[in-house]
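Peer 1: Protein chains in written order, with our numbering: chain A, 2 to 325; chain B, 441 to 1102; chain C, 334 to 678; chain D, 107 to 252.
To be clear, the hints were calculated from the coordinates, so they are not data collected in a lab.
Treat the hints with care, since some could be wrong.
[Unchecked claim] Which residues of chain B face chain C? A few of them, derived with a C-beta cut under 7 Å, are:
hint, residue
1, M470
2, H1052
3, G1053
4, R1102
On a predicted model such as this, the values are computed, not experimentally measured, just so you know.
All C-beta atoms, glycine included, are put in the ideal place defined by N, C-alpha and C.
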Amino acid sequence: MQAIINRAKELLADGTVARVLGWKAGDLPYNPEPAYFETEEELKDFVYNGFCGANLSKYMIEASKLEGKTMVCLKPCDTYSFNQLLKEHRVDRDKAYIVGVGCKGKLDIERIKKQGIKGIESIEGAEISDEAETLKIQTIYGEKTLPYADAMLERCHVCKGKEHMVFDEQIGESKETKDAERFDEVAKIEAMSPEEKFAFFQSELSKCIRCNACRNACPACSCRKCVFDSNKFDSSQKANADSFEEKMFHIIRAFHVAGRCTDCGECSRVCPQGIPLHLFNRKFIKDIDELYGEYQAGEDTDSKAPLTNYTFEDAEPSIVGKRG
Amino acid sequence: MQRIGVFVCHCGSNIAATVDVSKVAETALMEPGVVHAEDYQYMCSEAGQAKIAAAIQEKGLTGIVVCSCSPRMHEATFRKAAERAGLNPYMVEIANIREHCSWIHKDMEEATKKAVILMRAAVAKVNLNTPLQAGESRVTKRALVIGGGIAGIQTALDIADAGYEVDIVEKTPSIGGRMSQLDKTFPTLDCSACILTPKMVEASAHEKINIYTYSEVEKVSGFVGDFTVDIRKKARCVDMDKCTGCGVCQEKCPSKKALSEFNRGLNTRSAIYTPFAQAIPNVPVIDREACIKFKTGKCGICSKVCQAGAIDYEQKDEIITEKYGAIVVATGFDTINLDKYDEYAYSQSKDVITSLELERVMNAAGPTHGHLERLSDGKAPKEIIFIQCVGSRCSDDRGKPYCSKICCMYTAKHAMLIRDKYPDVNVTVFYIDVRTPGKNFDEFYRRAVEQYGVNYIKGQVGKVIPQPDGKLLVQGSDLLDNRQILKEADMVVLATAIEPNPDVRKIATMLTASIDTNNFLTEAHAKLRPVESPTAGIFLSGVCQGPKDIPETVAQAGAAAVKAIGLLAKDKLLTNPCTAQSDVLLCNGCSTCENVCPYGAISYEDKEVNDHGIRETRRVAVVNNALCQGCGACTVACPSGAMDLQGFSNRQIIAEVDAICR
Amino acid sequence: MYKIAKENLSALFQLIADNQELYLPVKSAGQTNFAAWSKEAEVDLDTLKTVKSAKDAFFPQSEGLYTVKKEGKKMSIEPESLKEQDFVVFGMKACDVKGLEVLDNVFLSDPVDTFYAARRDHGTIVAMACHEPEETCFCKVFGIDAANPASDVAVWTVGEDLYWKALTEKGEALTETVKELFADDEAGEAAVDAEKEAIHNIVEKLPYMNLSLEGWNGNALSEKFDSPIWEELYKPCLACGTCTFVCPTCQCYDIKDYTAGNSVSRYRCWDSCMYSDFTMMAHGNNRTSQMQRFRQRFMHKLVYYPANNDGMYSCVGCGRCVEKCPQALNIVKVVKAFQNQGGEK
Amino acid sequence: MPLENKEFKPKIVAFCCNWCSYAGADLAGSSRLTYPADVKIIRVPCSCRVNPMFILRAFEKGADGVIMCGCHPGDCHYSTGNYYARRRMTLLFSMLDYIGVENGRTRVEWVSAAEGVKFSDTMNSFVEKIYSLGENVRLGDLRCKQ
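Kindly produce the complete structure, drawing on both the sequences and the hints.
Peer 2: Structure below.
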């Protein structure tokens, strides 16, 4: 973390960048927030630890409009999102000084609390430099320990890898955190009967409160105005007055980002109701991989996206029924 | 709020017999925006159109719905009628209650209910219609004819005679096509070459006609009035300007084992060749696969003997890019492959031949110099059996479901010619039906039977069995006598089904012209627009559209020419205003739409916008209306809904969906 | 003071539900929210904070107002009926109960919101003292006692038992209907007092409980409104509606129409001041930037509402926004930011 | 057609491209090839104009089945439209299947202008399938069912 701060100071001092986009320490052990830093003084609040899960690439849309360059701290998975935004002309590469920061898996406070840990006073082991495999959590109800892996975000268990897809420089080591297959959950649902599938999604989606956090956090959902906020389709919705609307919103949202979603996992991370929204996007990714060849959005900035591409031999829609 | 008029057509009894038209009109009055509704016998008639005009003017209608036949039939009619009455033509919507309703449903109550729903959907749509203005596009005054057979030649001549430039693209080394392979033509029995050659010469000499032989269309883009076509001029290895056509190279060429395409593979030709003596241009090509120089690097005899120095082994394919206002497809036909018809022993015996091969055998320039002889042993046949409908009118997937149309007549011709020249030869024809509609056709057939004693047997042939002595045992049935027939023949001639030239599929795809299940190009309307493709600016000439004989082909070629001339005569065309439009405030500038546009109609500009008080410069999509053809691919690719299609807008289609599901 | 063993709670719920509707914290697909009780429902009284507050029981996220039906050219209007059935909300916490007071000030003052009023009339609240308050809680800042919810009935958890005390007439009436399941336990007072003290002790240790709201009041309008701090604070905000939708006091709604074939139903649904189309009008929007929208929420909670309601804040310190904001922004950070920069300005 | 539930009259929306399928439906009409009146056709310029939103919208408003017809791959009037449509619909249908909506409620069929018979056969078999599936209860807005 100190290395990032030092470098940020240098870049600010020599005028390479006008600001730094990173995370600011919160007032609880686990709530740092994305923040801009414009002076050396401000950098005293800079923090980079296991709770800095937020993907900062989407902030670069606005930062690209500002004077001067922005030093942005991107984790390996965040760089896919940045590339995808670059491909869609939503961010300006020349306005970004990308510091690829190391990552050893990001922590999920919801998951920690789900394991009965409350009244948290301090957390040890979340620092990026820590080698510890265990989190030591001090609470007013006593000290708890938790294996680091048991506190990680879902996305880190299926990590895309330690490589940054785009960067100006890299600071810090990354760690292999993948311990599950990316499509296992999707495959499990695919294997269910239609009734089970329906029951599963009905129960998950009925929790949706239409707060739009998934959409607003999503780097692929970068529309200036979402179709669900405009009257273009007569589809403006503000609340789920009927359970159909949850399905409509999440299917269409997933469809709109199909072939563009890098599987960064922000949707699931930010959902206040813990809906595993990545299951929608990942289903499309799995289908695309299987039907049209493996494709990882954000890996590059010039490949043709699956939905703006075709071959004569593409599978017919009837394959859906045939696959069983 | 629109003021909508609904006009329900009886179409005589076509609609009114199954749909309660007055009920449809009554119900229409309940729909939001509808201020006028009436039904009438024939809305498309002058009186019907007058009713529409009157209502528009008297009731101040801002939009109309006509419940009638398919919009593909009369949308243009009603749009024009509305326009004459002062209404924007794009404020007209058609509810198709004939083809999609009255003609397919029998129950009046059910059909009426459906008609009401279709009417509602159209009303819901027209409620959201906006007046559209057609733009204009320039017409390139040059036509392209694909195929240099009699159809292509005739079309090119007619267009050229009207004063427009025409290019013919012909795949083979010479124009002339199938007709050049024929010996005589029915029902007049005049010599095919004698009537074709002058046309070929005329085309090649015409100052407005430019012929690309040994060339193929490679790529087509653009749209009616403004097509851009890439033509691949394959390397001939002979300089067209230098070659004098003396023919010495062909004489001296040591490689003479290539099968002659022109003679249907019945004999061979040299590696450097012109397909036939009267070829136009009279410039040979080198068949690189047969040429020793190309295969081994040694030889080069043709180059040595060519006094004009026209041989150029280094010649490369050349791509010519040209603009055209109209394109005529005249790609013709071939006979079907007989691999699936083992029972006729075509591949086993040289003496089982197709009718087209017989043409070459009968032709003085053919492999037997016009002598009727068995190709296996050169002996004169005494017994010839013709088998009709080989692959035509076929119910399984081995052949074609359609009638090839020309076979009955050419078989009668062949039979007659053989009996005339070789009276000692017995000729038997096995047929399913003899079809001879056409001027002097039946008379011709009867002459074959009555005057020339051709033996016609109604019945099919089950099997042709080559015998050890070289004879062919034909097993057939005589349906009229209800008996099996076993007959020995020296020669069997198969009236093989014809099919569109296999290349037509590729060409149709390039032209985005529709094609049917049999690979025949589809006409814009089976009866009323038989020589136009549904794709504007593409015209159909000859057998590529359906089986035809020569006079029909020539007639259609002329008709296609007239249609093309009608187009080329215009300086400007009105363009379809149903094009995509991008909402500047919603556009993300993400380029997704550009990636799916088949016309390159979308580009991006940095534009100053004022988005509810936020002023900034944004990268936004801009549609070139002259290029956009209105497919709508971009509208779905666009996640924000910034891209919409005029005339088929998101809200219009959703309104239709809602009206149907309500 | 009555007592009931935790293991007998399902009998209690069954008995309540025999006579009226019962809403209580139910765990479904991993999350605990207020929902109607059923035998199959997984009741979860251990989770301190439901994701959404119990606001839905009185002011649902979306609720029909009336339906316009069309037959031919005839139109008819069918208003949505008001709540007529009595119901019980079990398991609210002191903060959420206070939240209703905030809503009452809005919806029950003239002109009265009849839909809300009917629900308030028919609803009986059984609230639980917060057995184990958490680090995100700051109810004390607003004078709320986590150990003494101001509800119709208050309930305390002590070991394997719940202690039940009616505080209002409504509470008495409810108690009458279920009394048969209770044991009288006068000694319970002592046990409950011990629980209250334990709660108070924990509350003292929690990091946010002594947050100072000095300077935040109805008179601070222009000073706070014009502060440059907002420009810094809003930046990470995603403009999602999480904070407003989990909040027990946010009361803004939008009115929308839904066209269903031959009828149109008019309904209202929660709105969020974080949304770009919040209070959108024909001419456009009052607040054109996210900074303005962000500022609106906190100004409303801590300045505008107190200005109109005798100094009462429209925040109850439940801490849901602290827990749920995707980017870890919240009202506490806002208050602290002003504190820290108070001197520098 | 098996009419087990006589009261059930399905609502079926068919999106047809102007150049092939709509013309195919016209040909079915002029050839008097019947199919049930439950099918209502919406004309679109090309199958690539069909937005997944339209399909979900139809289900929302009470459709029991939605079918999309376009030109055969390779024959699109706009060259490539149906290729995009094919991918879009494949993914959409797969997603609907994934969330437990009966697979038979959606279909894509390529019907050329010359295939009147195929058009009517397709509609007959699709309607039959919808009858066998019964009313769509998993993907509609209840407010539209009243």
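Peer 1: With a cut-off of 7 Å, does the beta carbon of H1052 (chain B) approach a beta carbon of chain C closely enough for the hint to hold?
Peer 2: At 5 Å from the nearest chain C Cβ, H1052 (chain B) passes the 7 Å test, so the hint holds.
Peer 1: So, M470 (chain B) near chain C? Judge it on the closest CB pair being under 7 Å.
Peer 2: Hint holds; M470 (chain B) Cβ to chain C Cβ min 5 Å, cut 7 Å.
Peer 1: With 7 Å as the cut and Cβ atoms as the points, is G1053 (chain B) at the interface with chain C?
Peer 2: holds (5 Å)
Peer 1: Does the interface hint hold: is R1102 (chain B) within less than 7 Å of chain C, judged Cβ to Cβ?
Peer 2: Since the shortest Cβ distance to chain C is 4 Å, the answer is holds.
Of the numbered hints given earlier, the model fails none.
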